[in-house]
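Each chain is listed here by its residues.
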Amino acid sequence: MELAWAQEHDQYRERLRAILARELPSNWMQDYAHGRGTQGEIAFSRTFCPKLAAEGLLIPHWPKEYGGQDGDAWEHFILSEEMWTWGDPRGPQYMNVNWIGPTLMKFGSPAQKEEHLTRIANGSVIWCQGFSEPQAGTDLAALRTRATRTNHGYVINGSKIWTSYANGSDWCFLLTRTSDERRAISVFLVPMDTPGIEVFAIPGLVEEGHIHEVFFKDVEVPFSALVGEEGMGWEVVTHALSLERVGIPRYHLGRLAMDAAIGKLKREDRYGDPLMRAAAGRIIAKLEAARMLTYLVVDQRAKQQPANAMTNIARVSNAEAVTDTLNFLMEYAPGCLTSRDDPYLTLFYRYAITNTIASGAYELQLNMIAQRALNLPRERRQ
Amino acid sequence: MNLEFTEDQAVLVSSVENILDKYAELPTANRRDYHYYARDLDQALVANGFLDAVSSMGSLEAVLVVEAVSKIAPVVEIATSTLVAPHISAEELPRPLAIVSGDLSQAQRYLSVAKAALLDTGDDILLIDIRPGDVEAVDTIFAYPFGRFTTAPDLSKARSLGAAAVGPFRQWRQVALAAEAIGAMRSAVDFTVDYVKQRQMFGHALGLFQAVQHRLAQCHQATCAAQYLTYRAGWSGDPLDAVLAATYAQSHMPKLWFDLHQFNGAMGVTNEHKLHFWTYRLRALQSEMGGANEGALQAAERVWGKVA
Numbered sequence: 001m002e003l004a005w006a007q008e009h010d011q012y013r014e015r016l017r018a019i020l021a022r023e024l025p026s027n028w029m030q031d032y033a034h035g036r037g038t039q040g041e042i043a044f045s046r047t048f049c050p051k052l053a054a055e056g057l058l059i060p061h062w063p064k065e066y067g068g069q070d071g072d073a074w075e076h077f078i079l080s081e082e083m084w085t086w087g088d089p090r091g092p093q094y095m096n097v098n099w100i101g102p103t104l105m106k107f108g109s110p111a112q113k114e115e116h117l118t119r120i121a122n123g124s125v126i127w128c129q130g131f132s133e134p135q136a137g138t139d140l141a142a143l144r145t146r147a148t149r150t151n152h153g154y155v156i157n158g159s160k161i162w163t164s165y166a167n168g169s170d171w172c173f174l175l176t177r178t179s180d181e182r183r184a185i186s187v188f189l190v191p192m193d194t195p196g197i198e199v200f201a202i203p204g205l206v207e208e209g210h211i212h213e214v215f216f217k218d219v220e221v222p223f224s225a226l227v228g229e230e231g232m233g234w235e236v237v238t239h240a241l242s243l244e245r246v247g248i249p250r251y252h253l254g255r256l257a258m259d260a261a262i263g264k265l266k267r268e269d270r271y272g273d274p275l276m277r278a279a280a281g282r283i284i285a286k287l288e289a290a291r292m293l294t295y296l297v298v299d300q301r302a303k304q305q306p307a308n309a310m311t312n313i314a315r316v317s318n319a320e321a322v323t324d325t326l327n328f329l330m331e332y333a334p335g336c337l338t339s340r341d342d343p344y345l346t347l348f349y350r351y352a353i354t355n356t357i358a359s360g361a362y363e364l365q366l367n368m369i370a371q372r373a374l375n376l377p378r379e380r381r382q
Numbered sequence: 001m002n003l004e005f006t007e008d009q010a011v012l013v014s015s016v017e018n019i020l021d022k023y024a025e026l027p028t029a030n031r032r033d034y035h036y037y038a039r040d041l042d043q044a045l046v047a048n049g050f051l052d053a054v055s056s057m058g059s060l061e062a063v064l065v066v067e068a069v070s071k072i073a074p075v076v077e078i079a080t081s082t083l084v085a086p087h088i089s090a091e092e093l094p095r096p097l098a099i100v101s102g103d104l105s106q107a108q109r110y111l112s113v114a115k116a117a118l119l120d121t122g123d124d125i126l127l128i129d130i131r132p133g134d135v136e137a138v139d140t141i142f143a144y145p146f147g148r149f150t151t152a153p154d155l156s157k158a159r160s161l162g163a164a165a166v167g168p169f170r171q172w173r174q175v176a177l178a179a180e181a182i183g184a185m186r187s188a189v190d191f192t193v194d195y196v197k198q199r200q201m202f203g204h205a206l207g208l209f210q211a212v213q214h215r216l217a218q219c220h221q222a223t224c225a226a227q228y229l230t231y232r233a234g235w236s237g238d239p240l241d242a243v244l245a246a247t248y249a250q251s252h253m254p255k256l257w258f259d260l261h262q263f264n265g266a267m268g269v270t271n272e273h274k275l276h277f278w279t280y281r282l283r284a285l286q287s288e289m290g291g292a293n294e295g296a297l298q299a300a301e302r303v304w305g306k307v308a
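Chains as they are written, first to last, in my numbering: chain A, 1 to 382; chain B, 1 to 308.
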């Protein structure tokens, strides 16, 4: 067991910080405060990501044959920590580089790889993920959007919801049903300007411009839009989700929020409250526990070990630590959430509501721990 | 960064587990006791050099030894001797070692079996020799031997370990507490998971019900989290890591106690069931060093500084 950062990882982090200091505008956090998913943020992503690509920092974890550097999982994760320190100025492109691109490497046709991987690698394209539906979120296999085979390709009808960045995306990684069998799911790569696609923003608790509903009405796509074989989408999406096994470094965001909140309480001469400090100390213990368990998952990934229950354990740890952080903000620093005098805290508070829902609900993670780590029987379902 | 055990660490854990296998079972005469102090195991651990883990391998390795020993139902005083003593004294201290605090007329953990006791006076650490007759055993349901002084110890005759020992004493006491806790937490969770797989209720194994599974999953998560914080504290030697490990473990002891006893039901209330050997050990550890709130205050001070 060696818990110190390697020298090259420290240097890598310093390099990232220097680039972020150079490339982010001085008013970045103020602009960012308008929300992930705004047109301004998406537009910034289109200029920022090509610069990262030019520095070799957009897809360092990709294989060299696809333009990457075969970088290790630790560098990939350090990149994520540093980007999220600033709300991730890559915007929607974190999805491209983390799982859409790698999924296409495994399942895409030669033509799909040729068309999409190069554009993802140079930071010039925005994708959204067409997964969740009103009746299919955590239970993804319940999705109803249907692709019907025709002589020329497929016709897609249905709707998706939640869809982050749908308002500014060029492409959608779309899950559809291609027969009535529960797991007969197929994945299509669909240009968002295809006739029949309509996007509507949904006001929500998260952020301005973040949540959308996307309707597909008689949307025609060619056979070449299908990823893999028809009906094999469950394998594709399972692989894609496994690439997200580490996810956002939420403990890191929580720590930044706690530092900001305590700074504010000190400035307001309210740091003396022992109840508040004890609550903060317990949260730090939880955040650091989540950090250690997340690092354990990264370590397993770096060693190319298969995913196991530690992924779910780390997610639960992060979820609980961030939830406690939210509660701390609400109890001890509610003013900063309404005055918007600290854009980071405001956004942290609003965005973190998804913490126990997105990327596999908290309860689903507990199910997985019970089954994969404790070998408890799976509860019968109707 | 590498979070896997090294080959040496894996061999160490395997070696200590081999010894523990011989002593893990409670003697028949002691199966219904509230605690059982395994003197034969104590001797075996000493004879095989496991109490010298800090000097021979390192503090993380000492954590691994304490964790492993704390998983079995019998107890031996190993955490203070292995993790605290080497950091506060170049000389070998007598053992078993108790740590006494607060009102010295009250019951103290391990005092009934101790050859010496350590006392934190605030600006010094005192070593109090204990002779036969100085202490008496105290009956308790907490799963450790407890004792109290029959007469107040004469602190003027205690040996001073010096002001420089205070900081390391407090830091490594927190690590020792956390290392004992993670062993007991793991065994308490594993014991209960085995039980709910067998116990039938409403025609199904109790462990089939999601209401049970989710809470056991939370207990398992808390145990894993405490475990890796404790490993980090042993590895780094950083006082912040030590207080975080102890605080996290102590914070989660009430949940484990409640959930695990709920799932063991009435069986868990009896001494015929072994659960109490771990859960009541956790209860004893829960309040040491001021408990989780005191640790949390220390953590906050180390992260954000003192109150102006």
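Think of the hints as simulated: they come from the structure by calculation, not from any bench. Among the hints, a few may not be true.
Derived, one-sided and incomplete: chain B residues facing chain A with beta-carbon distance under 8 Å [claimed, not checked]:
| no. | residue |
| --- | --- |
| 1 | M1 |
| 2 | L3 |
| 3 | Y37 |
| 4 | Q43 |
| 5 | V193 |
| 6 | Y195 |
| 7 | Q198 |
| 8 | H214 |
| 9 | L216 |
| 10 | P239 |
| 11 | T247 |
| 12 | Y248 |
| 13 | M289 |
| 14 | A292 |
| 15 | A296 |
| 16 | V303 |
C-beta: ideal position from N, C-alpha, C; glycine also.
Checked hints:
no.	hint	in the structure
1	M1	holds, 6 Å
2	L3	holds, 4 Å
3	Y37	violated, 31 Å
4	Q43	violated, 29 Å
5	V193	holds, 5 Å
6	Y195	violated, 12 Å
7	Q198	violated, 12 Å
8	H214	holds, 4 Å
9	L216	holds, 6 Å
10	P239	violated, 13 Å
11	T247	holds, 5 Å
12	Y248	holds, 4 Å
13	M289	violated, 13 Å
14	A292	holds, 7 Å
15	A296	holds, 3 Å
16	V303	holds, 6 Å
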